[in-house]
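Start from chain A and add chains B and C according to the hints.
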Amino acid sequence: MAFNIFVQLLVNSLIAGSIYALVASGFSLIYSTSRFMHFAHGVSVVIGAYMLFQMYSLLHIPFLISCILVLIITGLFGYLMYKGIYSPLMKRKSSSIVLLIASVGLLILFENLILMAYGADVKTIGYIKGVHVIKFLGAVITPLQLVIIIASVLLLVLLWLFMHKIRIGRDMRAVADNPELSEIMGLNSKKIMALAFILGTVMAGFAGILIGMEQNLEPTMGMGLMIKGFTGAVIGGITSVPAAVLGSYIIGGAENFGVWFLPSGYKNAITFLLLFLFLLFKPTGLFGLNKGVKK
Amino acid sequence: MIESYLLHIGILIAIYIILGVSLNLALGFTGLLNLGHVAFFGIGAYTSALLLKAGVSFIMAFFISGLIAAIFGFLLVLATRKLKGDYLALATLGFSFVIYSLMLNLTELTRGPLGIPGIPKPVIFGFKISGLLPYFIFVTILAVITVFLIYKIVKSPFGRLLQGVRDDEIGLKVLGKDTFKLKAKSMMLSAFFAGIAGSLFASYITYIDPSSFSLAEIILIFTIVIVGGIASIKGTIVATFIIILIPEALRFLYLPSTVLGPLRQIFYALILLGILLYRPKGLFGRIDLE
Amino acid sequence: MILEAHEITKNFGGVRALNKCSLGIKKNKITALIGPNGSGKTTLFDVISRLIKPNSGFIKFKQERIDKFRPNKVAKMGISRTFQDPRLFKNLTIKDHFMMALSTNDESMFAKEKDVEWKIKEIMNLIGLTKPLHTLGSDLSYGQRKLLDLGVALAKPHDLLMLDEPVAGVNPKLRKQIKKIIQNLNKKGETVFLIEHDMNFVMDLVDHIFVLDAGEVIASGKPKQIQNNKKVLDAYLGE
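Residue numbers (the working numbering), protein chains in the order written: chain A, 1 to 295; chain B, 1 to 290; chain C, 1 to 239.
No wet-lab data here; the hints were simulated from the structure. It cannot be assumed that every hint is accurate.
[As the list claims (entries may be wrong)] One side of the interface only, derived from the structure: several residues of chain B facing chain A at Cβ under 7 Å:
| id | residue |
| --- | --- |
| 1 | Ala79 |
| 2 | Tyr87 |
| 3 | Ala91 |
| 4 | Phe97 |
| 5 | Val98 |
| 6 | Ser101 |
| 7 | Ile219 |
| 8 | Gln265 |
| 9 | Leu272 |
| 10 | Glu290 |
[To be verified] Footprint (simulated), chain B over chain C, 3 or more residues, beta carbon under 8 Å:
| id | stretch |
| --- | --- |
| 11 | 65-79 |
| 12 | 90-99 |
Since we're looking at a predicted model, the values are computed, not measured. Note that the Cβ used here is the ideal one computed from N, Cα and C, for glycine as well.
Next up, chain A with everything else stripped away, as it sits in the complex (with noise of 0.2 Å):
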């Protein structure tokens, strides 16, 4: 019985990890190339899962189709927040407490236009309807589940190979390590930012179709899953982008697990704590470096 319940556990960890996991590589791939916190990164999210409402769910496109115009949109999202409030801001040499600050405005002002848009009751997508439902060493999981894990997986794996066998994000991971000495040895560090935040948001807009068929869309569901990426993030170390996803999946399993001694209000809330005590005890993270810590 109690097995039951542990493998149970075990695989919602497993499916709350994968998205956090996505959530939390797009914010750590901006983080370690702008050093600076993009807290709107949740609001990324929530559009990607919106789009996808308005594409699949009100004009019927087909699906796939329908996915591969969320990724575009999402990206273009991305460098427009660069181009339009960051770039300006970074030129006028703003610190990174500025930038934290106007990434929290572009939060609001965005989860906002997304409540006038589409209104405050819940979404539905609906791609999966009917439930065939696997079993698996006495724990449930749907198929819809199952796809969520793989396609993360399978994500963070791509991710890792654009980061480490092209050319380009040999040069993300040199900027990250290293802005001024990159700008010295010839790579322009504000294309590659630019960069960063259309593949940084084109993985929150994965993030989102993938939840917009899983649960229900809410506009304000954007700060709850930026706290849980970025708790992730923090968790792992903020500045690699494999800690930062490793991180996500302790989230996971320490939000689910949690709830079998803390009743289930209390599942965000062990985020909170985890975030506040990693902050104040480990800044650097568990895996990461002793990076852009200590200024």
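Using the frame of chain A, we list chains B and C on its own:
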């Protein structure tokens, strides 16, 4: 009708002036990047509401709500004393999330999302302050006292040291000043005033729930301080009027409330972004946010 | 001895910045700490003022162990110091700087203080800083910031004045001026402990020299003795 509407706006402005000026004491004058000010506001509101409902007198509840908020302020400084920059900002944001989720989840105490209704109006020396006009006068007096006290603090030798903490903490340490104590005192004062603002808010609205102390609220207070200018008390006061009054004009467009709420938030966000982009020192500030 | 450092060792990660470094400062004398770049001079200053915690060893000031104190306590005990890159409060005025240094009770919220402008003027005359009192820290040139940093250290009650490269990066005229100031201070009975990179600057200024190389004191003595010490010359030439 119009009169009571104006008084309502006046009361909100007075409460937000207390919140804004107290945040500026920590943020602008001491350089403590506190994104958790709203948590002190909430702690004050809940403390006061619970005490009043338990039959404690208003004056007691009012001061205790400030004191409890100040204790949390001290704990926050103690816990975050080694953090700087965005990490400090995020830890304080995390703190306000922890407080927010406690409000939601400590249902035995806070009744969670149901909130606390029927918070009594203040009774001071046998006078019940219940009408709009008396409450307006009452809150305005307290706002004036707060502004006066904080003005005195920043202009004092102590306030000069707070600014020293903001500009160069190590430089101040080698002058023999205890910078941790200074930061703690500043944060505790800031939290105290936010706490009493919470008490005033709770007794005015007579109903509180966690949604009054969410992220949207942090943005509003932060926008006020940044629009007015870092380390400018005058700026914060002027900005409070602007930020609270202008969205009120939207009301006359007779939009449904489902549109009005988000529209107001969009306005705050746009103003905040606009100021950061085009006038980063705010209307009256001299100092850059670092 | 007003100040004694006893076998101070400090590691930064794998790098040993100070290795069993010992020295003593005599009252009413000017003592210099010289050595090539990266030899650990500023690290030793930071350990003394407790901005850095040593891995081992101890510091005595006026016969009392101070290495367990916090930096503000060390400063209150009577150690004033400057920084190679002056630490100033850019949004505060010159007057604010001096008032903070002179005041001993301003950490209380209800502190009242007398206007001691005459005292400030006196110190400004001594160091030759001629800017108006309401000038902001951020509006000063590098040389003026060096002077203000020195003035603030002087204004703060102290028994030992530690100067970290007081003439680094300043023009030859100001260099002479600062040298003169240090000599005058010493005549008034100040105890000065200074870091200097340039050996020639200290030769005719100081009473005693300690030479630091790779975190160790390799020589100490009167300027004349140091000048001809082979070890010292090697350390400088091998730089």
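Hint by hint, here is what the structure shows:
1. Ala79: Check passed: Cβ of alanine 79 of chain B comes within 5 Å of chain A, closer than 7 Å.
2. Tyr87: Holds. Min distance 5 Å.
3. Ala91: holds, 4 Å
4. Phe97: holds, 4 Å
5. Val98: This interface hint holds because 5 Å falls under the 7 Å limit.
6. Ser101: Cβ of serine 101 of chain B sits 4 Å from chain A, so the hint holds.
7. Ile219: holds, 5 Å
8. Gln265: Holds - the Cβ of glutamine 265 of chain B comes within 7 Å of chain A, reaching about 4 Å at its closest.
9. Leu272: Leucine 272 of chain B check passes; min Cβ-Cβ to chain A is 4 Å, inside 7 Å.
10. Glu290: holds, 5 Å
11. 65-79: holds (count 6)
12. 90-99: holds (count 5)
Going down the numbered hints, you'll see the structure goes against none, and every one checks out.
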